[in-house]
Structures are given as structure tokens and as C-alpha cells.
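Chains as they are written, first to last, in the working numbering: chain U, 1 to 286; chain F, 1001 to 1371.
No lab work stands behind these hints: they were computed from the structure.
Check each hint, because a few of them may be wrong.
As the list claims (entries may be wrong) - With a cut-off of at most 20 angstroms between alpha-carbon atoms, the simulated DMTMM-like pairs for lysine to aspartate or glutamate come out as follows:
id, chain 1, residue 1, chain 2, residue 2
1, F, K1324, U, D263
2, F, K1324, U, D270
3, U, K158, F, D1188
4, F, K1239, U, E284
5, F, K1239, U, D263
6, U, K158, U, E116
7, U, K32, U, D177
8, U, K226, F, E1300
9, F, K1219, F, E1175
10, F, K1009, F, E1091
11, U, K97, U, D30
12, F, K1008, F, D1206
13, F, K1324, U, D30
14, F, K1122, U, D263
15, F, K1280, U, E17
16, F, K1239, F, D1351
17, F, K1092, U, D270
18, U, K85, F, E1300
19, F, K1092, U, D40
20, U, K118, U, D185
21, U, K173, U, D121
22, F, K1095, U, E17
23, F, K1092, U, E98
24, F, K1371, F, E1354
25, F, K1138, F, E1023
26, F, K1122, U, D270
27, F, K1095, U, E98
28, U, K50, U, E116
29, F, K1327, U, D263
30, F, K1005, F, E1300
31, U, K85, F, D1351
32, U, K97, F, E1091
To be verified - A few chain U residues that don't get close to chain F, going by computed Cβ distances all over 12 angstroms:
id, residue
33, V22
34, L45
35, P76
36, K85
37, S91
38, R105
39, D143
40, F148
Even glycine gets a Cβ: it sits at the ideal position worked out from N, Cα and C.
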Amino acid sequence: MNAENKCLTETNPFTPEPARIVRTYHLTEDVKFFQVRFVDMEKALQFKYKPGQFAMLSILGAGEAPFSISSSPSRPGLLEFCIRKMGTVTSALFRLKENSLIGLRGPYGNGFPVEEMKGKDILIVVGGLGAAPLRSVLLYSLDNRDQFGRVSVLYGAKRPAEMLFRDEYFALKQRADLECHLTVDADDTGQWPERIGVVTTLFPYLHAVDPVQTYALVCGPPVMYKFVIKELIKLNIPKNQILMTLERRMKCGVGKCGHCAIDYIYTCLDGPVFTYWDVIHMRELI
Amino acid sequence: MRILKLQKKDLFPFLEAISDSAELWAPVAMPAESAAGSLKDPHWAAVTQKSKFHFQRIKDFADIALHTTRTIIPPKKLMVPASFNMFHFTEKGYKEDFSHISEKILFGLHTCDIHGLLTLDKIFAQAFPDPYYLEARKKALILGLSCWPDEYCFCKSTHTHIVEEGYDLFFTDLENFFLVWIGSSRGDDLIRLAPQFFDEKLSEKDIQRYIAWQSERDKSFRTEINFTRMPDLMELNYKAPFWEEAGAACLACGSCSMVCPTCNCYNVTDVQFLGGKPGKRLREWDSCTLPEYSEVAGGENFREHKSQRLKLWYTHKLQAYVSKYGKPSCVGCGRCLVTCPVQINVKSVADALEGHPVEAFWKRFSQEVAK
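Extracted from the complex, chain F is given alone in its bound form (with noise of 0.2 angstroms):
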């Protein structure tokens, strides 16, 4: 693998010059009032103040975030967005669209979320290919970039802390430089539109550095789960009660799904349009917490309970996925950790299975409606 060096000075140039022929997404801060909101809680006081940056399309290079924490919702809305037309429709028949898929390169994606996009591939690109998914996929650059954990990451764990593949460049931010790895031939084509700002020799000094940022990053994981046990602890707690607990109260609000990276649950709904203008079938990203998820016609609901659909939520991230790929298909990103308003997520559902302690509004709630 090539590894270059970029001065930090020459980052946006770089990005200016390659970003001629194709969108640039990158991480936005969303301004303070909209973020906050006028909250008092504690609980979604410190979810907004961790969760104050999208992808947004950027016009202006000052606007890009660098030193963020996770974006609200992962990179991907750009590969299958929350809504888009699949089929428009006449009495003639369905015309496939794919009007919503252009050039892209996504700037800022972290090794979590490059992670989450190499999971959706192993649903969507393998048997009976999405093709949505997969030209939006073959659309986009990838150009990932270093991060440092908040308490609620867990990367680590999971990990997906490194990338070996899954990008076509990756920055590694050093302060003054950044360490650039090109990981595409693709991404190779891209410094080759402006290599005059790359330095080809590294120093064992920048060497030394990098060493030192990773053992540093490592030493700095304030959360911490043991994946390798989830998949028999699954099982042998699948009728624990503490199910039933977060199942009451859980809101079914489906947030866990929008914000979770690996989650690709979607509805089909078709639009009738009047007046000889045709009807759009519609592809939505749903969620398996929602009430009517497995619901059938006629009003059969094969998963009535919201602790039944919860189980089938930690089912799928902690332990199907398991025996299917080897490892769970949780990204470490604590997005579900800063999201959930009752605190039902991976790292309290861990702590649940594993018979330790739980500090989460859930449990809390179960006590409080017990006395």
C-alpha cells in the first residue's frame, strides 16, 4: 500500500481540486440553537451536544468539519436514502429510476462508518444484487479520516478501529500532516489529479508519530463490550426478563434503525398519482422495533410485543449476523447509545445479557413501575 503525506494547509485545496467532477459530502456542524434546542434533560442535553454533525453537501470548504464525533445519521442516507422512487409506473408498466444516484465522494467517513458500509454490502451486493445500493456504491469515493472516541464509542470492541479495506483514501490526521493511505486504485487516480501536494517520503520522526497517536487513540476507549460472548449469551437469556422490561419502555419510535449504520430494513409503498401522471414505487427505510413490521395481511402480527421486536433488533446485530459472517453486525459507532431516548442499546442490552449492572432510563423505568 502507498502511504503519502499531506500538510494540513494543503487538505482543502486537494479536496477543491479533485471535487471538480462530482459532489463533496463531507461532516457539517449544525448550528448551536437547532442542535440543543430548548431541552432541559440531562439525558438529551448530552445527546445533542454529541450528535451535532450531518453529511451534508458542501459548497463552502470552511463549512467542513474536522474534528467531529459521529454524524446523526451514517453515510447511509447516500447510498440508499430514507425515501427514494424505485419504479414509475403507467398502465404500461414499471419503469426502473435511478434519478436519485450521482457522482459522489464522501469525505469524513470514520472507521465505523466504513465499517457499516462494508456490512450493508454483505446484505445488498451478495445474492440476488440491490442495484440501487450498488450504483450509488460504485458512484461514491470513499475518503475516510482518523477520529478520536467520546465516551460513547466502542469501536474498539467491535474492531472496526482500523480499516483494511473500504476506502479510497483514508487520512490519518497527525495535527500538522496528515498520513494518507491510498486503498483503490481508484483513490491512486485521485491523487494523481494534484499530486503536487503529496510528499512521497515519510520520516522515521512521522512514523514515530503515527505509533503514537494509535496507542494513544486505543488507550482512550471509556466503553467497552466482550462481542465474542454475545452469541451464546443471546441464547441463553432469551427468555430474561429484563426483555419485558425494555420492551415496556421502549417508545417503538424506530430511531435505533435510522441512526444504526448496519441497519437495512426497508418498506415498499406504491403512489397512485391522479391525472395521468404516473404512480412512483416508493423504498423507505423502516424499522423492525416499528408496531406492524411483521404484521401480514388480514392482522396476523408475528411480532406483537415491543420486547419480541427488540430481541429480534439484538438478535440480528449481536448474534445472526454472527454465525452468518464471523462477527457482529455492530460497528461500534454509539450512535445507538447517544440516540435511544430510554437508553436501549448495545451497551446496556450487553450489560443486561452479561448479568452486570445496568444504568439505563429502562431499567430504571422497570423499577420505578415495580413499586
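This is chain U alone, in the form it adopts within the complex (with noise of 0.2 angstroms):
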């Protein structure tokens, strides 16, 4: 029997890391903004990640689950998360108040290829919480607008209080520096200014594509890809520039647990961001 009951010899990726709920609000009725601290500043600072990565987040006794992060290591020290109430963890997590300790560890995924993106156009397009992994790109892309070609913006949600973010939203439409078009399916508001119908409609308003330069980034509910791909394929963008980012059931993020496992990949180590051509090549991955 090891007496101190430790493991001797080995870091264990497992650990979550003690970190603090620094701020939480509602964006809609059921999603919730959480920006959280590694109590340990140092880690905090030391926190290197790719957008388009997600960590695992433990709450204590209801369990631990995967979540994209929202915010952009362009802006280090905090992590921020979108999370809509689902299960018994998201449960949990929606009745912790600001100073709660939670247990973070992550990075982990791949991430969206920023390094190869740079100096392309980017277009983006969101559908409903789709805005929670994509936001993280978008908010690197313009930290670093520099870097970038053309950055466009295309977010459908279902009704005018469903869209996350929408003030920041319709501060993008304001910049020179970009283009955005926002749809809701529905407009039970009757003040709702922007366009109504579902996020493929808004593909005409799109000042012309440049395909070859252009990388994609697509995140929504699953309904959503195959008429998005066929707008995005219209348009000529090559099957390997168009990414998306996929949810899977994990419980351990490093490719042990093997509930994310689609083909010969693990989503939490390959993905969970991938191309069009690997969702030709692989099977199940939408």
C-alpha cells in the first residue's frame, strides 16, 4: 500500500486547478456568462490557449464537464465561458454565486489554425450558442485586426433576446473595419431593427468573397451545417478552409475516456474543431 497515498512520479492531468467566479450574469433566460480566475495569479498569467480550445470545469459534487472557452488569449487572466443550463453540471453551475470556487483544468483541443489564418479574410457565422466557441476567434481576430484581411460576421438566433452578446453585436456593425449582418427566425419583439429569417439568408447581403483567401469558421446547433456548408460551397471556398467547431460527450479531455472517439480521432484531441473535409472523410462527425 502507498502510504502517502500520492502519486509518486507522474503530474496528473485530471487535477482541477482551483479557480474563482469572478463575474456572472444571464445573456438570455437560459444562458449564463461566467468569467473566472485561477485563484493562483501565477497560473492565471500562465495560461497559454488557442481559440476554439475548451477546458473541463468541475463543480463539486455535481460533476465535471467540457466547455468552449469564450474569451481570447489576447486579453490574458481571465476565462470566459457561455454556458446554456442543459444538465446536472450546467445546473449546478447557473446557482453558484460570484466568489464560488469551481475546479478548472484545459487547455485542450485543437483549436481554430490562427497562425495559418493570418493574413486571410475571415468569415464568420454563428447560429444561437454557436457565439460562445466562435467569440474567442473573434474577439483574437480583432485584437489583432492587423493581421487579418476582411472580417465577416454573419449571427442568427432564433428570437431578438436569444442572441448572446447583442450590444456587442451591434457595436461590430458600427466599425468600418468589418461587416456584420444579424438575422433572429422569428421577431416576437416587433422592434427588432436588423433582418429576420434564418442565418443562410443573410449569405446575399455578404460584399464579395474572396474563396481562395477566405477561411470559414461555422458553430451552431447541428440543424444548421448542411445549409450553411452548401452556401459556403456556392460560394467556392475550398472544403479544407471551411471549420467548425463540434460538441461531444467527454469525461476526460485527453483522450483516455473515449466517449468523444469519431473513426480512428478523438474530438478532445484532434478536434473539436475540424473541416468540411474531414466531415466528408469522417463519418458521424455531423
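Fit chain to chain and form the complex, with the hints in mind.
This is the structure:
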């Protein structure tokens, strides 16, 4: 028996590091925004990640689950998450007040190939909660605006009240250095100033796209992908420049528990960002 | 490599001499009544008859079964127990728990089981190494033992009937004596604890005896599968109707994963204790054939149908692992052949992939349903 009950030789990749909820508020009725910081300040500043990566959050007694990081590494120190109340872990998380302690480990996954995307045009297509993972790469491109070509954003939500970071997107519309089109499936307020229809109805409003120069980043509900990809293919954007980030069940985040396996890859190690070529090549992705 | 000779009568004295400081685990025969049960079904009778051994901690050396078929559960249970505690937690945070790990000597692992552990090494010891697995692995000495194939063994097809690594000592049973292969420095240390039992000199006759044993053993396999064809056949048969047939018969019980030496999947559950006691984060064996395996919060299930989940199981074993590591993650132990209640196993699926006639319950079941 190992008297110390301690791992003697290896660091433990499963250990959640204590982190504090610095700020939390509702973005919509069932989506909350969380700003989180490692208790250890050094750790908070050293935490390096790429847009599109995810972290495992632990809520004492409720369990652990994967969440995409919504903040940008260009703004270090605080990590942000947009979380919809769905199951046990998220329900417990929603009950936590500011200053509560949670566990955090990561970052995991491949993330978006931001280095490869530098100098290129970026077209971001968002459906609903897809704004959570894509916010990271959007903020990253805004913070490094001079390193990218044209930046365009298309965002579709169900109703005006369900558009995440609505004010931020309205502010984007005022900027001259990017293009932003917003839509809702249905306007139940009667005061929605933007377009109405599903996100694909925004494509005709895009200014001429240079397909070879363009990286398209897509995230939204499963039903959305087929229709959005059809539009992107119509624009002649190469299949390996259409990037999407996917959701799977995960229990470890580090390629051990098996749950996120698809064909010969693990979503947690080889994803969650995949190209449209991956989708054609590997079955079951979307 | 050093190869020594050990007289049969000296095996238990040797094991006794080395097991002072560590737990000795070995295959033990289960009592006949609990193994046979009261099941009348001929398949189940065969199952229980063929799987009546299990790895157990040895208190009495007479319990050790030397001539065994596969154990019901492979020795992976001693590296990653079916359920163990990863962390204790209180409101102050998470504290890792390695209390289930102890120094062990595992005797009687067949070549397939040694390859099973080598396969798990690939998953657990690479990219973000799993400290629970590594710690248990480091604290275990592997003493392999030769065996003889029954009608379900096909380790020759997976090239796992021989071992080149992954053991500290390996005992080849040549009736009156063992040839003992020393596979590691730690294995050599074990010999040094009781050198009096070993003979350094092998005669020409001993070597001939080994060669004769090996060629006889290699001729005794009755189940054969052509694994080199499997990745292509998996790809070509992705939409083959037999997946639906197997899926319809599958009980989604997860037994195939529990008994498979290379199945590594697990689930993690937090258990909150009331009354001031710390909570626990449990890690438990899981199976991709279970319904909720690919279900995410909110109810979306990426593999709702049993046929989809079976396809994942076989993609992983026959195709995916090959593309990553150049060999299948099947070690030919035959456990799925003797365990699956409806005979969905590597052999019957390989037959279906090859377009051969399939002699299995799930096929008969689908034919009955079609009538």
C-alpha cells in the first residue's frame, strides 16, 4: 500500500485547479456568462490557449463537463464561458454566486489554426449558442485586426432575446473595418431593427468574397451545418478552409475515456475544430 | 536475453520466495457450481465451462491454476479497477487518491493478456499520461505463462501468440520443466532472490522440446481471422445490412467491453457525501455499446441506434487502431466469442465482413425475425 496515497512520479492531468467565478450574469433566459480566474495568480497569467480550445469545469459534487472558452488569449488573466443550462453540471453552475470556487483544467483540443489564418479573410457564421466558441476567435481577430484581411460576421438567433452579446454585435455593425449582418428567425418584440430569417438568408448581403483567401468558421445547432456549408461551397470556399467546432460527450478531455471517439480520432485531441473535408472523410462528424 | 530452466516442482517455492513484499495474483478456478450455474442453454453451458477462471489474490499456492483458458475478466482489472476513486473532494478542493494501488506480482498472464496491456499502454501512457494507470503498471511485475489454444483462441491471427516485450518473466510450460525467459531488469532481480531454483544450462534436447511444443501449439488453432483485410472491409461494408441485423440482436449489455483486454473507455461520476464527509470522483468502466455512451447534455445522442454503437466498437478494434498503430486492437483472446450472449464477436463480425456464412445467434435471430 502506498502510504502517502500520492502519485509519486507523474503530474496528474485530471486534477482540477481551483478557480474563482469573478463575475456571472444572464446573457439570455437560459444562458449565463461566467468570468473565471485561477486562484493562483501566476497560473492565471501563465494559462496559454488558442481560440477554439476548451476546458473542463468541475462543480463540487455535481461533476465535470467540457466547455469551450469564449474569451480570447489576447486578453490574458480571465477566462470566460457562455453556458446554457442543460444538465446536472450546468444546473449546479447556474446556482453558484460570484466568488464561488470551481475546478478548472485545460486547455484541451486543437483550436482554430489562427497562425495559418493570418493574412487571410475570415468569415464567421454563427447560429444561436455557436456564439460561445466563435467569440474567442472573433475577439482574437479584432485584437489583432492588422494581421487579418477582411473580417465578416453572420449571426442568426431564434429570437432577439436569444442573441448572445447582442450589444457587442450591434457595436460591431458601427465599425468600418468589418462587416456584420444579424438576423432572427422570428421577431416577437416588433422592435428588431435587423433582418428576419434563418442565418443562410444573410449570405446575399455579403460583399464579394474572395474564396481562396477566405477561412469560414461555423458553429451552431446541428441542423444548421448542412445549409450553411451548402452556401459556403456555392461561394467556392475550399473544403479545408471551412472550419467548424463540434460538441461531443467527454469525460476526460485528454484522449482516455473514449466517449468522444469518431472513426479513428478523438474529438478532444484531434478536434473539436474540424474542416469540411474531415466531415466528408470521416463519418459521423455531423 | 537470458533463458533459464526451472523444474516444475520448484515453481511454487519460487513464487513463495518472491512474494514476501508484494501481493501475488494468479488465475484461480471458480467453484464448478457457481461457474456452471443452472443454465440449460448449450451456448451458456459452453460459455460458463470455458470461462471459469479469474485472477485472484493468492493466499494458498495450491489454488493457482496452471492449465487455464482465458480468465473471465482480463488482468486490466488490476491496472484500472472496474471502479475506483480518483479524487476526494471537500469545499477546499480536490485531493488525488491512489490508495487502491499496491505492489503486485501477476502470475499466469497469457501472451494475449500481455499484448492487451501493451495495447492499453498506447492509450493510457501517451499524450497526457494517465497517472492512475501508470502507477499501477509500474507497481506490477508481469510473470507470463504459456498456454494452449482452445476452439475460441485466435491469437495466432493477431500475432499475439508470441511476446517480445511487456513481461518481467515468462514461463513456457514444457511438462516437466519451464523455460523461463527474463524480460526485464526487475525480472532478473526476482531470479536473484532465489537463484537456487534455476539452471543456466539448456541441453540440445530442451531446445528441441521447445521447438516441438511451439510447432504443435501453432498447429492447434481452430479459429482464424485475416486481420490485414479488415480495415478495407470495414470501410467497404460501412452501410452493409448486417450491421442492422447485429444491432437488432445486440442486448447493449456492455459485456463485450468488460471482458475485452483492450477496451479502455470509462465514465466519471461525482458522489457527494453528506454529513461532513468528503465526496468522491469515481472512475468506472464504460462501454460504447451502452445507450447513453455518446449522449450529451440536453438529450442529443450521436449514436442512438445499437448498430451505430456496434460499428464504433468494431471500427475501433479492426480499423481505427490499425491506422494509428499499424495493428488491430484485438489480441485474439476469444473473450468476446465466449461472452456475448448473442454471439456478436470479432469472429462472427469478421465473417460477415468477408461475406462468409455467419454461424451466430444474431444472424439466426435476424432470419427468424425476417420470417
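A quick look at each hint next to the structure:
1. Restraint check: the Cα-Cα separation between K1324/F and D263/U comes to about 11 angstroms, which is no more than 20 angstroms; the hinted pair holds.
2. With a C-alpha separation of about 13 angstroms, the suggested pairing of K1324/F with D270/U holds against the 20 angstroms cut-off.
3. Using a Cα cut-off of 20 angstroms, the hinted pair K158/U and D1188/F is violated, with the two alpha carbons roughly 69 angstroms apart.
4. Pair hint K1239/F plus E284/U holds up; C-alpha atoms about 13 angstroms apart against a cutoff of 20 angstroms.
5. Restraint check for K1239/F and D263/U: the C-alpha separation of about 14 angstroms stays at or below 20 angstroms, so the hint holds.
6. Among the hinted pairs, K158/U with E116/U is inconsistent with the structure: their alpha-carbon atoms are about 33 angstroms apart, more than 20 angstroms.
7. At most 20 angstroms may separate the alpha-carbon atoms for a hinted pair to count; K32/U and D177/U exceed this at roughly 29 angstroms.
8. Proposed proximity of K226/U and E1300/F is supported: the alpha carbons are some 17 angstroms apart, at most 20 angstroms.
9. Only pairs whose Cα atoms come within 20 angstroms are accepted, and K1219/F paired with E1175/F is accepted, the gap being roughly 18 angstroms.
10. With a C-alpha separation of about 57 angstroms, the suggested pair K1009/F and E1091/F falls outside the 20 angstroms cut-off, and the hint is violated.
11. The suggested pairing of K97/U with D30/U holds, with an alpha-carbon distance near 16 angstroms, which does not exceed 20 angstroms.
12. For the given pair, K1008/F sits about 14 angstroms from D1206/F by alpha-carbon distance, which is consistent with the 20 angstroms threshold.
13. Using a Cα cut-off of 20 angstroms, the hinted pair K1324/F and D30/U is violated, with the two alpha carbons roughly 41 angstroms apart.
14. For a cut-off of 20 angstroms, the pair hint linking K1122/F to D263/U stands: about 17 angstroms separates their Cα positions.
15. A threshold of 20 angstroms between alpha carbons decides the hint, and for K1280/F with E17/U the separation of about 16 angstroms falls inside it, so the pair holds.
16. Note on K1239/F and D1351/F: the hinted pairing holds, with a Cα-Cα distance of about 16 angstroms set against a maximum of 20 angstroms.
17. Annotation: proposed proximity of K1092/F to D270/U is violated, straight-line Cα distance about 34 angstroms (limit 20 angstroms).
18. Of the pairs offered as hints, the one joining K85/U and E1300/F holds, with about 14 angstroms between alpha carbons and a cut-off of 20 angstroms not exceeded.
19. Under the criterion of a C-alpha separation no larger than 20 angstroms, the hint pairing K1092/F with D40/U is consistent with the structure, at around 14 angstroms.
20. For the hint linking K118/U to D185/U, the alpha-carbon distance of about 33 angstroms lies beyond 20 angstroms, and the restraint is violated.
21. Distance restraint check for K173/U and D121/U: the Cα-Cα separation of roughly 17 angstroms lies within the 20 angstroms cut-off, and the hinted pair is therefore satisfied.
22. Of the pairs offered as hints, the one joining K1095/F and E17/U holds, with about 10 angstroms between alpha carbons and a cut-off of 20 angstroms not exceeded.
23. Note on K1092/F and E98/U: the hinted pairing holds, with a Cα-Cα distance of about 17 angstroms set against a maximum of 20 angstroms.
24. Our distance criterion of 20 angstroms between C-alpha atoms is broken by K1371/F and E1354/F, whose separation comes to about 25 angstroms.
25. For the proposed pair K1138/F and E1023/F, the alpha carbon gap of about 14 angstroms is at most 20 angstroms, so the pair holds.
26. Restraint check for K1122/F and D270/U: the C-alpha separation of about 16 angstroms stays at or below 20 angstroms, so the hint holds.
27. Our distance criterion of 20 angstroms between C-alpha atoms is broken by K1095/F and E98/U, whose separation comes to about 24 angstroms.
28. Taking the CA atoms of K50/U and E116/U, the gap is about 13 angstroms. The hint holds against a cut of 20 angstroms.
29. About 16 angstroms separates the Cα atoms of K1327/F and D263/U, which keeps this hinted pair within 20 angstroms; it holds.
30. Between K1005/F and E1300/F the CA atoms are separated by roughly 60 angstroms; this puts the pair beyond 20 angstroms, and the hint is violated.
31. Restraint check: the Cα-Cα separation between K85/U and D1351/F comes to about 46 angstroms, which exceeds 20 angstroms; the hinted pair is violated.
32. At roughly 15 angstroms between alpha-carbon atoms, K97/U and E1091/F fall within 20 angstroms of each other, so this suggested pair holds.
33. Separation of V22/U from chain F is adequate, the least Cβ-Cβ distance of about 18 angstroms exceeding the 12 angstroms criterion.
34. Separation of L45/U from chain F is adequate, the least Cβ-Cβ distance of about 20 angstroms exceeding the 12 angstroms criterion.
35. With a cut of 12 angstroms on Cβ distances, P76/U stays outside the contact zone with chain F, its closest approach being about 23 angstroms.
36. The non-interface label for K85/U is inconsistent with chain F: the shortest C-beta to C-beta separation is roughly 9 angstroms, within 12 angstroms.
37. For S91/U, the requirement that its beta carbon stay farther than 12 angstroms from each beta carbon of chain F is not met, with the minimum near 9 angstroms.
38. Not every C-beta of chain F lies more than 12 angstroms from that of R105/U, the closest at about 10 angstroms, which undercuts listing it as non-interface.
39. Once the 12 angstroms rule is applied to beta carbons, D143/U is consistent with being away from chain F; the minimum gap is 29 angstroms.
40. With a cut of 12 angstroms on Cβ distances, F148/U stays outside the contact zone with chain F, its closest approach being about 31 angstroms.
Hint compliance for this structure: hints 3, 6, 7, 10, 13, 17, 20, 24, 27, 30, 31, 36, 37 and 38 are not met, and every other hint is.
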